[in-house]
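What follows is the residue order along each chain.
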Amino acid sequence: MAGKVKNAGSRTTNPLVEKIGGQRLVVLLVIITLFSFFSIKSEAFRQYSTILSILDYSYYITFMAIGVTFALITGGNDLSIGTGMVCYGLIGGFLITKMGMPVGVGLVVTLLCGILMGVLNGTLVAIMEIPPFIATLCTMMIARGLGSIVTGSMSITWPPLATEQGWFRSIFKITIGDTKYPLGFLWVIILIIIMTIVLNKTRPGRYIIAIGSNKEATRLSGVNVVKWHMLAYIICGLFTGFAGIAYAATFQAVAPGTGAGLELDAICGAIIGGTSMKGGAGSIVGTLLGVFVMSMLKTGLPYIGLQANWQQIITGIVLIVAVLIDVIRTKKSGK
Amino acid sequence: MQGAAIRLDGAKAGGKDIKLGGRKVEKIKQNPIVKKIGFNRIVLVGVLILMYLLFGALCAIKGRASFFNISHIYSALNYAYFLGFLALGVTFVIATGGIDFSIGPVMFCSALVSGYMLMQMDVPLIVCLLVSILVGTLFGVLNGYLVAYLDMPSFITSMASMMLAKGIGSVFTKTQSVIWPQASQENGWYRSLVKIGSGTSIIPTGLVIFIIASIICAIVLNKTKAGRYILCLGSNKEAVRLSGVDVKKWEALAYILCGMLAGIAAIFYVGAYTTVQPGLGDTFNNEAIASCVMGGTSMAGGIASIGGTFIGVLIISILQVGILAAGFQIDLQYVITGIIVLVAVYADIRSRKRRN
Amino acid sequence: MGEIILTMKGIDKSFPGVHALDHVNLEIRKGEVLALMGENGAGKSTLMKVLTGIYKKDSGTITYEGKEVEFENPRAAQDAGVVIVHQELNMLSHLTVAQNIFIGREIMNGKMIDDAKMNEESIKLFQKLNIEIDPTEMMGNLTVGKQQMCEIAKAISHDAKVIVFDEPSAALTEAEIEELFKIIRDLKKKGLGIVYISHRMDEIKVITDRVTVMRDGTYVGTLITKDCTKDDIINMMVGRVIYEDPKAASTVPKDAPIVLKVEHLNAGKMVRDVSFELRKGEILGFSGLMGAGRTETARALFGADPKESGDIYINGKKVEIKDPMDAVKNGIGYLSEDRKRFGIVVGKSVAENTTMAALQNFMKGLFINKKKEDQVSWDYVKSLKTKTPTVETEVVNLSGGNQQKVVIAKWLTRDCDILIFDEPTRGIDVGAKSEIYTLMNELVAQGKSIIMISSEMTEILRMSDRIVVMCEGRKTGELDISEATQENIMHMATQRK
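Protein chains in written order, with my numbering: chain A, 2 to 336; chain B, 23 to 378; chain C, 207 to 703.
Any given hint could turn out to be false.
Claimed, not checked - One-sided excerpt, in silico: chain C residues whose CB lies under 8 Å from chain B:
1. PHE277
2. GLY537
3. ILE550
4. VAL551
5. LYS577
6. VAL650
Hints were generated in silico from the structure; no laboratory data involved.
Bear in mind that the values here come from a model prediction, so they are computed numbers and not experimental data.
Beta carbons: idealized from backbone N, C-alpha and C, even for Gly.
Produce the entire structure from the sequences given, and follow the hints as far as they go.
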């Protein structure tokens, strides 16, 4: 892995490569390699259903990762997304199953919770100037506790597909005839396009990159840095809300107390995709590719005989390698 | 920090306003005895006592069994031992200006690996206890190397090793819980490290060991070269480096000490509760960190107080037992710890800004 | 001569403890390049910061286009057409050139940023300046020279009428400077008022029309460039009377052994092929203007920054210095110019700082011998006359001069034979200054050797036995104290090699 990315660091002259971005190309190759490797090793992996399940696993991580990419680009981080996602799913589900509200309300509340958390994180980081990782660690704890308290420490099962209220599950996987289609991937693509535009073509995106690149210079250019810095966390919160919905739609039940550690999959995906921990640089498409590496590994490992508990070890190792590459890359460009 | 503590217990004492006038506080702070013990610590002890009384009152109001029962203190102590070792360790890391999010899962990983060896592989108990400490130390070495020598950010590095610890723990035990032996069983003597006897007539050996460990840590932090350099590099790493000091070595040492203490914490965890499950442990990170920052250790590094951490651990433990005794959900504790850390860190940031 | 576009009159500005600007006057005219000159700390940058709204003036008036103005912030100044091209570039390395130029005032197409339009506009700007830069290139990928051009383009895009260049040439190559001058002449022709801050005498002669000289925060005078000589300007810059007597002759015996020899030291742009020797008991002054590479030389020698090449000999023996640990082992101590960041640990006590570099000598088994530590620290407090109530006092509570003494005590505790004093009296009041001088003289009398980097001419002339002058990373001269004058030092310091 290290060797490959080093190649990406050297200046490429091929215009096509330059356009796509060296690192993204490498990540794409990694994905193809992983897919081929698992496919050769295991026949079961080569099934349509496996691809479906890779996608299923990727939605909620992708949403979180898109969100956290914005936080990372400002030079910050958001550790609350994993437990946050579960917490919003619990609260939304609680309203539907225990309070008898329509699914639509539950979905909106889930998103709203995410936005609120984003506002809180943004306030702590942008206004009160608490270091992002410690601020979001605290909100992570708060989210974890809140989710359990609201639901009385009970798991919440969002309505199953067969029931009248279960339509929302079709948002991500629709069954037409006998075939299931990964409709969620369409939404992912649409959101990726929208957020890529937001990041690269609008003022909010431009200023978020500028803040991560050099906050003081941005301030001196007359930009309201507090507002845009906060917005990055609100976007992150909103997408965590999306992730909450995807999580609830994908899995049977949402259990309180879980979700810790999932933020690392998202952060890891973003960093693999070329977003720097130092801020200023990031790519939404890269994030998507990075997430695919993560979910490919997670889905593929059991097929070659490594049980689910290996996933955590893999996450840990991949994270260390990705951050190390980022650190080395930043050092090099600093010279 | 003082401000934070006052506001905290103000909130906990049901909004009872004990905010003192600024001048009065200054006067109290100048008192030689107060100065000697440390104003922060006096406030903290006050918080501890207030909280104890508060939970007593809450239990009475809610019509539950009295909180002023020695058994509650014993169960708070059980919690305090392992949390204490975690908090002592992470105090060193925070003193360098870093953070270690891996301690809780590392503790569990240690307990799982050594417990599995004890129960499934018939390894002698004493070896298992050493293995437990060794596993923790190895994680410390990993974190220390990555942070000090490869310049990786400590928070993300330790989160990665948190995943490693969780994964290794569950791979090693094949995702099974490990139940350490009871005191009465063969190989059960390790439990006397925590307490001797049963019921209410016990000798809290754990408390003695925790106090001794705290004193040793305080000595290491304040009286040895290692502690001196750890504190100084937390305050201004570049100035220490330019004094010709091997800052990488001392920074790494803080993480190693932290890992080792997490390994010891594992022994006290199983000593108190015997059962360990794979995949858990990360909530303890937060509680250990909360104990430190509450006790006056600055997240910015350079300032650390073992005494403060000691009292902070007791506060968190009382909180944990009190929440359960008063019939609240234990999850409330996560929320409260989160808020404690936020308030303490913010107060620290403010006070440093004022000083500059 | 063009008409006056901007006048600054009686500008006064004080910072705590420093009277930075004392009723300074300045006049900028259309179609003219005004050089602003002065030694380090003369107040040039402060004056320009007052002009562009970064600092608020205490008193005085700024008249711009016939109206009295007071710019609230840099943005307001920009909008009015007064812009500064900073020495340290305010760039966003992760954004493209065009995105940098238009940051904060993007060209919009509905809700979208119109990057294509911004690129076009940038190209137009560059065409005006007659330079070629790809507006879609990442700022971070450009050379420093190109980045500077972008800053200029950004300045012009504000429809600037007055542009201040703060040492624009410091980081540029010869060819890039040529290009810069072409642009400045162009702007001049278009009727802009230009202020050009530089230390390079030859540039001043080439590009400017008038020279305003400042000294110690005051206005000295203005000359017409073509009617004056380099010496006239230097005389105005250094024209103060030196009250303290300069050292008449070196006190070091001719045959004193060489304790430190540096040969062909190279480290980055700021240290190019520097060689010098230091004798036992000598104070070797390092003079030069800001950005001459003196601190960088010291840091490379001390191992604080990596060096590319060069040999270091101590007492005739070649030594390998890779990091500060090696340097300290070889008996070198470094007192940084930036005490608070690199010198002391402000949150720790006097005693802790004193023993920082030599803690191994204060161990009793595993433990620090607190009694000995306090004893030794207290001895130094007494012998250096450090004003501190106790050795337990945190150094943050000490004044600058006393903090400096704590740093000196640190290196004396370590028993270093070679001491590098980098701006030893910066930010220190007059009384404490002479104490530091006395101390340095005592140290060399005891056989220690000192390298003293100083931007204060009086300090250099008063303390040094020999003087090395640097300019832009190279050693441009070496003088014995007996032949050194303010003028010939300044000549060497402004001379490019």
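Evaluation of the provided hints:
no.: 1; hint: PHE277; verdict: violated, 27 Å
no.: 2; hint: GLY537; verdict: violated, 10 Å
no.: 3; hint: ILE550; verdict: holds, 6 Å
no.: 4; hint: VAL551; verdict: holds, 4 Å
no.: 5; hint: LYS577; verdict: violated, 12 Å
no.: 6; hint: VAL650; verdict: violated, 22 Å
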